[in-house]
Amino acid sequence: GDSVTQTEGQVTVSESKSLIINCTYSATSIGYPNLFWYVRYPGEGLQLLLKVITAGQKGSSRGFEATYNKEATSFHLQKASVQESDSAVYYCALSEGTNYNVLYFGSGTKLTVEP
Amino acid sequence: ETAVFQTPNYHVTQVGNEVSFNCKQTLGHDTMYWYKQDSKKLLKIMFSYNNKQLIVNETVPRRFSPQSSDKAHLNLRIKSVEPEDSAVYLCASSHRGREQYFGPGTRLTVL
Numbered sequence: 001g002d003s004v005t006q007t008e009g010q011v012t013v014s015e016s017k018s019l020i021i022n023c024t025y026s027a028t029s030i031g032y033p034n035l036f037w038y039v040r041y042p043g044e045g046l047q048l049l050l051k052v053i054t055a056g057q058k059g060s061s062r063g064f065e066a067t068y069n070k071e072a073t074s075f076h077l078q079k080a081s082v083q084e085s086d087s088a089v090y091y092c093a094l095s096e097g098t099n100y101n102v103l104y105f106g107s108g109t110k111l112t113v114e115p
Numbered sequence: 001e002t003a004v005f006q007t008p009n010y011h012v013t014q015v016g017n018e019v020s021f022n023c024k025q026t027l028g029h030d031t032m033y034w035y036k037q038d039s040k041k042l043l044k045i046m047f048s049y050n051n052k053q054l055i056v057n058e059t060v061p062r063r064f065s066p067q068s069s070d071k072a073h074l075n076l077r078i079k080s081v082e083p084e085d086s087a088v089y090l091c092a093s094s095h096r097g098r099e100q101y102f103g104p105g106t107r108l109t110v111l
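Protein chains in written order, with my numbering: chain Z, 1 to 115; chain S, 1 to 111.
Everything labelled a hint here was simulated from the structure, so no lab data went into it. Note that the coordinates shown come from a computational prediction; the quantities given were computed from them, not determined experimentally. Some hints here could point you the wrong way.
[Said to hold, decoys possible] Where chain S lies over chain Z, by a calculated footprint (3+ residues, C-beta under 8 Å):
id : region
1  : 42-51
2  : 103-115
[Claimed, not checked] Subject to a maximum C-alpha distance of 27 Å in a straight line, what follows is the list of computed BS3-like cross-link-like pairs (lysine-lysine):
id : chain 1 : residue 1 : chain 2 : residue 2
3  : Z       : 51        : S       : 41
4  : Z       : 51        : S       : 40
5  : Z       : 51        : S       : 36
6  : Z       : 51        : S       : 44
[Claimed, not checked] On the chain S side, residues computed to face chain Z include the following (Cβ under 7 Å):
id : residue
7  : 42
8  : 43
9  : 103
10 : 107
Cβ coordinates follow ideal geometry from the N, Cα and C atoms, glycine included.
Chain S on its own, in the form it takes in the complex (with noise of 0.2 Å):
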C-alpha cells in the first residue's frame, strides 16, 4: 500500500529548462525529504522539511528547492537543470524521527 506518492514517474528535457516534481505523503508524518539517487546507485540526501522549516541542506546546488504547501506535500524544483542531474530522485516521510518511508522516484533524463 503506496502512502507516499511521487510525480511523475519519468521526465525527459533539456538542458536550461526549469522542472518540478511532486510528493505528497498520507502517513500523517511532520517531516518530508527528497533524496538523489545517481547513476552509480548511491542514495544521498538533499532536504528534508519538518512543518516548513528546512531541517537539512547537504551542499546542494542553488538551482534545487524545495516547496512544501503543508506538511503533506514537498515538491522539488531544478531551476535550470544540468546533465549531472540525471538521476532518480526519491520522496520520504517520517514521524518524530522515526524510520523513513519512500516513494517510488521519479526518474530524470537531462539531454
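So here's chain Z without its partners, still in its complex pose (with noise of 0.2 Å):
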C-alpha cells in the first residue's frame, strides 16, 4: 500500500542555519501522487504548508521548499535559514492520483529552533 516514511521524532537546529527535513514515499497508482507537507504549530490545528503535484515541479511557501523528485521518490522539506517561529511538527504525505480522498501522512517531525 501507500506509505510516506520522513526523518523520524525530534531535530534541533539553531536559528539561522539550514534545515533539511527526509521524506520518501511508496505508492501503488499507475500515474504519480500529489505530495504535500503539512505542519502543525504549537497550539493550532494541522495546516498546509505546500503542495506539489507535478513530478519536476518545486513548491514553497513561508521560505520552505520542497522537489518532487520522482526518480528517487522523494519529497524534502529545506529552508536555508530557520527562525524560532519555524518550531513545529511537520508531516509529509500523499494522496493518490485516482483517489484524491485519502491523505497518507509520515510519522511527523518536530522541528525546535533554538535562539
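Both chains are given apart, each in its own frame, so use the hints to dock them into the complex.
What follows is the structure in C-alpha cells.
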C-alpha cells in the first residue's frame, strides 16, 4: 500500500541555520501521487504548508521548499535559514492520483529552533 | 481563522462506554474526513463522506461509525470504547479533492 517515511522524532537546529527534513514515499497508483507538507504549530491545528502535484516541480511557502523527485521517490523539505517561529511538527503526506480523498501521512518530525 | 470546528477538545471515559465527537465545517466543502492520531503520532484516515456517501473506510473496527446530517457536519460515534481507542481524532474537509483543512482535534482517553 501507500506509505510515507520521513525523518523520525525530533530535530533541533540553531536559528539562521539550514534545515532539511527527509521524506520518501511509496505509491501504488499507476500515475504519480500528489505530495504535501503539513505543519502543526504549537497550539494550532494541522495546516497545509505546501504541495506539489507534478513530478519535477518545486513547491515553496514561508521560505520552505520541497522538490518532487520521482526518480528518488523523495520530497524533502528544506529551508536555508530557520527562525524560532518555525518550531513546529512537520508531516509529509501523499494522496493517490486516482483517489484524491485519502491522505497518507508520515510519522511527523518535531522541529525545535534554538535562539 | 478556524473553519473546521470540533467538540469536545478532550474527553475521558471508561472502557465500554459510548462516545460521540462533533465536527462542523464552514468552508462550503463537499467532503469531510476523520483521522486518528495514535500514541506514536501516526495519522491515519478513518472515514470520508461526500454528499452523505461513505467514500473511504480503512478497515476501521465496527464500533466506529460516522454520522452526517448534511455536508457541513460529520460526527464520529464509538459504540463501546476500548483502551486502544485512546488517541487524537482529527476532522478535516476538502472541496473537489483539493487540499484538506483540519480541525484542532479531540483527544480521547480511555481508562
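Now the hints, each set against the structure:
no., hint, result
1, 42-51, "holds (count 6)"
2, 103-115, "holds (count 5)"
3, Z:51 - S:41, "21 Å, holds"
4, Z:51 - S:40, "25 Å, holds"
5, Z:51 - S:36, "22 Å, holds"
6, Z:51 - S:44, "19 Å, holds"
7, 42, "6 Å, holds"
8, 43, "4 Å, holds"
9, 103, "6 Å, holds"
10, 107, "13 Å, violated"
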